[in-house]
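Visitor: Letter by letter, the chains look like this.
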Amino acid sequence: MVSGEQTPTQYIQHHLQNWTVGEGFWAVNVDTIFWSVLLGVLFLWSFRRVAKKSSAGVPGKWQCFVEMIVEFVDNSVKESFHGKDKLIAPLALTIFVWIFLMNLMDLVPVDWLPTAAMYTGYWLGFVDDPHDVYFKVVPTTDLNTTFALSLSVFALIIIYSIKYKGLKGFTKELTLNPFNHWSLIPVNFVLESITLLAKPASLALRLFGNLYAGELIFILIAMIGFWQLPAHFAWAVFHILVIVLQAFIFMMLTIVYLSMASSEH
Amino acid sequence: MDINATIIGQSIAFAVFVWFCMKFVWPPIINAIEERQKKIADGLNAGERAQKDLEKAQEDIAEQLKEAKQQAAEIIEQAKKRGAKIVEEETQRGHEEREKIVAAGHEEVTAERNRAREELRKQVAVLAVTGAQKIIEREIDKDAHSDIVEKLVAEL
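Protein chains in written order, with this note's numbering: chain W, 1 to 265; chain F, 1001 to 1156.
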C-alpha cells in the first residue's frame, strides 16, 4: 500500500486513474501515450537492429529470437490469409509484439512506477500532494488504446472489403445477406451492420476487459498485506499466459477479419 | 477511463508503427529468413547428391577392382601357358640338337675309321708288298708275280 491515509477504495481508484491533461474530449492520457509510444519505439528499435544486420548467414541469438517471432507471425498469416498482401504480415507483427509489450507492463508490481511517479511529481513541485499524481502504466487497460487499435483494424476491414469486392460487392454483402431477397434488405442491413460493428467492439473490449480485470486483481492482491507475495506470484504466473494469449488473439482475429474482408463468400 | 483524444494519438502512433514495421523491419528479416531457408535446403540437397555420388563411385571402384583382378588372373594364366610352351619347345630343340650332334659325331667317327682303315690297308699292302718283295727278291721275278701280289692287295 502506498499510504495508510488512503482507504482501500481510494487506493483502488487512485490506481485506476489516468494522468490526464486537458478537459472534455480533447483531454489526453499522457501516461497511456507515453508508455505505449515508448514500448512501440522499443519494439521497432530492437527489431530494426536485427533487420539492419540480417543476412542469410549464421544468425546471432537476438536475431534468432526475432526471427522466431517473425516466422511465427508469418506462418499464422499464411495459414489464414490467402493471397499476397504487403501490409498484413507487418501489421500482425506490430499488433502482436506491441500489445504483448503493453500487456507485459501489467507484470510490473502495481506500486513501483506509480509511486515513483508520485514522488517525482511531488519533488519537482508539480503538485502539492503526491496523491494528486496519477500514473497508469498499462496502456492496454485504457479503452483509448484498445479502441484505437480495433478501430484502425476496422478501417482496414472496410478498406479491404471495398478494395477486393468493390463498393458494389461490399454493399451487396451488407444488404443481401443472409436473406437474399429485396424486401428483406433493411433486416439484412441491420444484421450485417451489427456483425460488422461487433468486430472492432469485441476486439477492443476483449483486450481491455482481460487486462483491466487482471490489473484490478493485482491491485486487490497488493492490499492484503504479507500474503500478497505468494498470491502475487501465483496470479502473475497465470497472467503471463493471459497477456500472451490476448496479444495472440488480437493478432489472429485481425488476420481472420481481413482475410474475410478480402475474399468472396 | 473516458474515451478522449488519446484515442486519436494512439491511432496515429499505431499507424506510424505499422508503417515503419512494413517499411523497415519486416522485409529485411523475412528476406533473410527465406534466403537462409533456401540456403539450407540447397545445402541438404548438395549433401544428398554428394552421398549418392560417393556411393556410385564406390560401386565403380568395386567393379573396376573386380575387372582388374580378372584381367590379372587371365594374364597370369597366359604367362603360365606361354612359359610351359617355351619350356617344351626348348626341350624339343635340345633333343634335336643333341641328336644332330650325336649323328654328326657318328659320321665323323665312321669316316675317320674308314680313312684309317684305308690307310692301314695301303700300308699293309705296301708292307706286304715290301715283305713279299723281300721274299721274292730271292725267289721270284718281280714282274712275273706282280699280278698275284696286286690281287692280294685288292683282297685286303
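There may be inaccurate statements among the hints.
No farther apart than 25 Å at their CA atoms in a straight line, the calculated lysine to any residue pairs in the SDA-like style are these [what the hints assert, rightly or not]:
(1) F/LYS1023 <-> W/VAL190
(2) F/LYS1066 <-> F/GLY1043
(3) W/LYS61 <-> F/GLY1043
(4) W/LYS78 <-> F/LYS1066
(5) F/LYS1023 <-> F/GLY1043
(6) W/LYS53 <-> F/ILE1033
(7) F/LYS1038 <-> W/PHE72
(8) W/LYS86 <-> W/GLU192
(9) F/LYS1023 <-> W/GLU71
(10) W/LYS61 <-> F/ARG1093
(11) W/LYS78 <-> F/ASN1031
(12) F/LYS1039 <-> W/SER55
(13) F/LYS1023 <-> W/SER193
(14) F/LYS1081 <-> F/ALA1062
(15) W/LYS61 <-> F/ILE1040
Derived by calculation from the structure, the hints in this document are not laboratory data.
Visitor: Below or equal to 25 Å on CA atoms is what counts here, so check W/LYS86 against W/GLU192.
Guide: 28 Å, violated
Visitor: What's the verdict on F/LYS1066 and F/GLY1043, does the C-alpha distance respect the 25 Å limit or exceed it?
Guide: Measuring from Cα to Cα gives roughly 34 Å; hence the hint is violated.
Visitor: When you check the alpha-carbon spacing of W/LYS78 and F/ASN1031, does it fall within 25 Å?
Guide: 15 Å, holds
Visitor: Is it true that the CA of F/LYS1023 sits at most 25 Å from the CA of W/GLU71?
Guide: 17 Å, holds
Visitor: Does W/PHE72 lie within 25 Å of F/LYS1038 when you go C-alpha to C-alpha?
Guide: The hint holds at about 18 Å.
Visitor: Quick one, are F/LYS1023 and W/VAL190 close enough, alpha carbons at most 25 Å?
Guide: Violated - the C-alpha atoms of W/VAL190 and F/LYS1023 are around 39 Å apart, more than 25 Å.
Visitor: Check whether the Cα positions of W/LYS78 and F/LYS1066 lie no farther apart than 25 Å.
Guide: It is violated: about 56 Å lies between the C-alpha atoms, which goes past 25 Å.
Visitor: Sort out whether F/ARG1093 lies within 25 Å of W/LYS61, counting only the CA atoms.
Guide: 91 Å, violated
Visitor: Between W/LYS61 and F/GLY1043, does the CA-CA distance stay at or below 25 Å?
Guide: Holds - the C-alpha atoms of F/GLY1043 and W/LYS61 are around 22 Å apart, at most 25 Å.
Visitor: Need the status of pair W/LYS53, F/ILE1033: alpha-carbon distance at most 25 Å?
Guide: Holds: W/LYS53 and F/ILE1033 sit about 12 Å apart, inside 25 Å.
Visitor: Compare the distance between the alpha carbons of F/LYS1081 and F/ALA1062 with 25 Å, and conclude whether the hinted pair is satisfied.
Guide: 29 Å, violated
Visitor: Is F/LYS1023 within 25 Å of F/GLY1043, Cα to Cα?
Guide: This hinted pair is violated, its Cα atoms lying about 31 Å apart.
Figure legend: structure checked against the earlier numbered hints; hints not met, in rising order: 1, 2, 4, 5, 8, 10, 13 and 14.
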